[in-house]
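Asks: So you can see what is in the structure, the chains are spelled out below.
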Amino acid sequence: MNTEESTATSDPNLDPPCDPEDALIEIKDFNFFYGTAQALYDLNFDIPEKKVTAFIGPSGCGKSTLLRSINRMNDLIDGAHHQGDIIINGHSVFDPLTEVISLRKRIGMVFQKSNPFPKSIYENVIYGLRVSGRNKKGELDQVVMESLKGAALWDEVKDRLHESALGLSGGQMQRLCIARAIANKPEVILMDEPCSALDPIATGKIEELIHELKNQFTIVIVTHNMQQAARVSDNTAFFYLGKLIEYSTTENIFFNPKQAQTEAYITGRFG
Amino acid sequence: MAAEPKNGSTDRPRGETLVWLCSAGLALGVLMVVTLLGLIFWEGITVFWPKKVAEVTLHEESPARLGQLNTISGVVVKRQTNIKSGKEEWQLLTGNKDAYGAMFKYIDAADVQSVSHPEAIVVAERMEYGNSIFYATSLKFQDGTVIPVDAPDFWESFESAIGEVRDRYRKINRLEKKDIGRINRKVNELTIEQRALERRQAEGSAIDEAQLEAIKQNLAELQADYQVLAGQARELRGRQEADILHYRLSSGQERSQPLGDFVGFHQPNRMGLWDKISFFLHHIWSFLSERPREANTEGGIFPAIFGTFVMTVLMSAAVMPFGVVAAIYLREYAKQGPFVRSVRIAVNNLAGVPSIVYGVFGLGFFVYIVGGAVDQLFFSDRLPTAPFGTGGILWASLTLALMTVPVVVVATEEALAAVPRGAREASLACGASKWQTIQRIVLPASAPGILTGLILAMARGAGEVAPLMIVGVVKLAPSLPIDGVFPFFHLERKFMHLGFHIYDLGFQSPDSEAARPMVFATTFLLILLVVVLNLGAVLIRNHLRKKYATGAF
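Sequence lines, in order, name chains A and B. For any residue, its number in our numbering is found by taking its place in the first sequence, counting from 1, and adding 13. For any residue, its number in our numbering is found by taking its place in the second sequence, counting from 1, and adding 30.
Isolated chain A, as found in the complex (with noise of 0.2 Å):
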């Protein structure tokens, strides 16, 4: 594969998947460095509201870097720094009158690794609430109930809202975490490889629970899983090297990819 060649022809917007007016996530001139490294090459497409989106690509392709700049995760890490700009319901995440604690809880996260914390399932789940000091207890039964429903936890985990979360299967692990991800109501959620830990069943369970979440809510997925993109998402992101390959619906990017470098990713050539 010849880069110039990828360069010269990668216009992701040649094809964008997204009407500028359905757009929630619009991602403007992104560079992003860890140091003096750089991870991302001037990203610019938008991401629809209610729609699936997932981020393909190899190992190291910075998708992950992307996800983690949307809800600025990226702010942990020493010497990471950034230009241009990610816009969110019209309202810059790097602007800095946004409050990075008000952002992450309108963007909900999920992890590759589900991390549960050491509490009850009930206090994991209204971990979000109580540390916008929302304690009412009639309040906090309802989120409850609503977010294990919302992720398919309530009839296995009902009868033990009280009991460590810790002794939960990793599939309801991790639709724990998507729970306790909806309970803050967020406008996005972004998940990194959310099942890339699980057994083939509780992935199933978890990509049947994104298909019912894309009522309420813009998901954004990275996967390794090229299956798994197909079966879940709306449109896809292809990224190699920091760059944006090829952004697509996912049916055009799994039949009939416009980049070679897209159809040698999707058909294993490389990867």
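Careful, some of the hints might be misleading.
What the hints assert, rightly or not - With a cut-off of at most 27 Å between alpha-carbon atoms, the simulated DSSO-like pairs for lysine-lysine come out as follows:
no., chain 1, residue 1, chain 2, residue 2
1, A, K171, A, K218
2, A, K227, A, K171
3, A, K126, B, K464
4, A, K150, B, K114
Claimed, not checked - Examples of chain A residues toward chain B, derived with CB under 8 Å:
no., residue
5, R117
6, M122
7, F130
If you are wondering where the hints come from, they were derived from the structure by calculation, not from laboratory data. Just so we're clear, the structure is a prediction, and the values are computed from it rather than from any experiment. Yeah, the Cβ is synthetic: ideal placement off N, Cα and C, and Gly gets one too.
Fit chain B to the known structure of chain A by using the hints.
Replies: This is chain B only, laid out in the frame that chain A set:
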């Protein structure tokens, strides 16, 4: 021939011999610890076991005889070879220091004609001059009745008379400590008020004459109360001297002593196993619960246990928040760079500063500067007596806290660093602030590690003596740092400490040979106390570890 062992050694994986070396090192360490603990345990615990008293009959011309008779009784402590003469000699604990001038007697084994264990012999614990070993002859009561030793009710009367003596002793103590003590405190307070008023009068400002009068009258009343109580105490003391025990020593001297001088008695050669066990347990209990007597070589060590315990708890209460907060800032908030690195190195190095240096610092800073300022501000009318401006348990605890801060900081930093990133990220992603994350997620998860630091700090602090000697430990404290008198916590008071007690007994007591068993018993107890405190912390840690198991992260 040379090839064979070479072949053999190549068969064996490399490094196998090093495993042996490691295990040998461990075995040596374990052996040393076990031997030391075993020695301390054995020597410390056998102090309380009643030992047989031997009556030794000497040759007529032996230089060792102590009276007109050629017999001596005592407990054979050691049989050893005299370094000078090369002959075998026995060390005999003879007691009767008032009669013989020493507690111990060395006799040549060659001088010994015969040894017997007469059942009638009595070992009596006394208020002064240590134990006495004798044959009782008769009891003479105040009303003139005399009970000779061969009377059937002699031992019963002796026992009950000693019981009465003990009750009276306790009564006197209570009277003097509690009732007279209360009057003294009131007198003290009133005198301070009076002085303050008089000082103002002398300076020329108008004062309430009636108030001054009231104080004076109050003082007079208290004085009268005091006279009554003091009279009662005097009477009780006189009663202690009234009944008299006549006894004869093995060496022939006839002696008599008021019963008030005795604490208890037993007849070791007559005791069965059960008697011995009950004596043993009783002896241990009185060692743990009583106050020391006779330059600490007799009686119990309760004040020292209590002082050590209170000091360690105070120290932990001071060092925990301080060390943890410092470590949180250092690890979580401070920008990691050369400055923070040098701070960290400095903190680590503080752990190596000799403890006496901390003692000197504590004396200068806590006692003189802080304590002096507290006295100036709150107790200026009491000067020149300075409650806080001299060493006390509070300053000693703070000094030790300062000394153990590095341990807690290092342990806490490591515990914080060990909390997985996933846990922090999960919390932050839920919209928690950094402080909320630390408070709700990071600190609970690192609590076991922090407690490990505290355990190390406690172990170091509880066993430390050198700095305490200059910031508040004394060999005999009249009152405990916590008692029933308002305001209950008297943290300015001087206190006793097991570690210092060991030093004091072993190296400062008038008769260090006699104090030897107490040194072992006290050492054993100090180790036990440290172990108990540590076990407590370990249990809490294990509980937390189970509760905040972070296996899922």
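Asks: Hints first: check each against the structure and report whether it holds.
Replies: Evaluation of the provided hints:
1. Note on K171 of chain A and K218 of chain A: the hinted pairing holds, with a Cα-Cα distance of about 18 Å set against a maximum of 27 Å.
2. At most 27 Å may separate the alpha-carbon atoms for a hinted pair to count; K227 of chain A and K171 of chain A meet this at roughly 24 Å.
3. The suggested pairing of K126 of chain A with K464 of chain B holds, with an alpha-carbon distance near 21 Å, which does not exceed 27 Å.
4. Among the hinted pairs, K150 of chain A with K114 of chain B is inconsistent with the structure: their alpha-carbon atoms are about 87 Å apart, more than 27 Å.
5. Annotation: interface hint on R117 of chain A holds; nearest CB of chain B at approximately 5 Å, less than 8 Å.
6. Given hint, M122 of chain A at the interface with chain B, holds; its Cβ is 4 Å from that chain's nearest Cβ, closer than 8 Å.
7. Satisfaction of the interface hint for F130 of chain A is found here, the shortest Cβ-Cβ separation to chain B being roughly 6 Å, below the 8 Å cut-off.
Hint compliance for this structure: hint 4 alone is broken.
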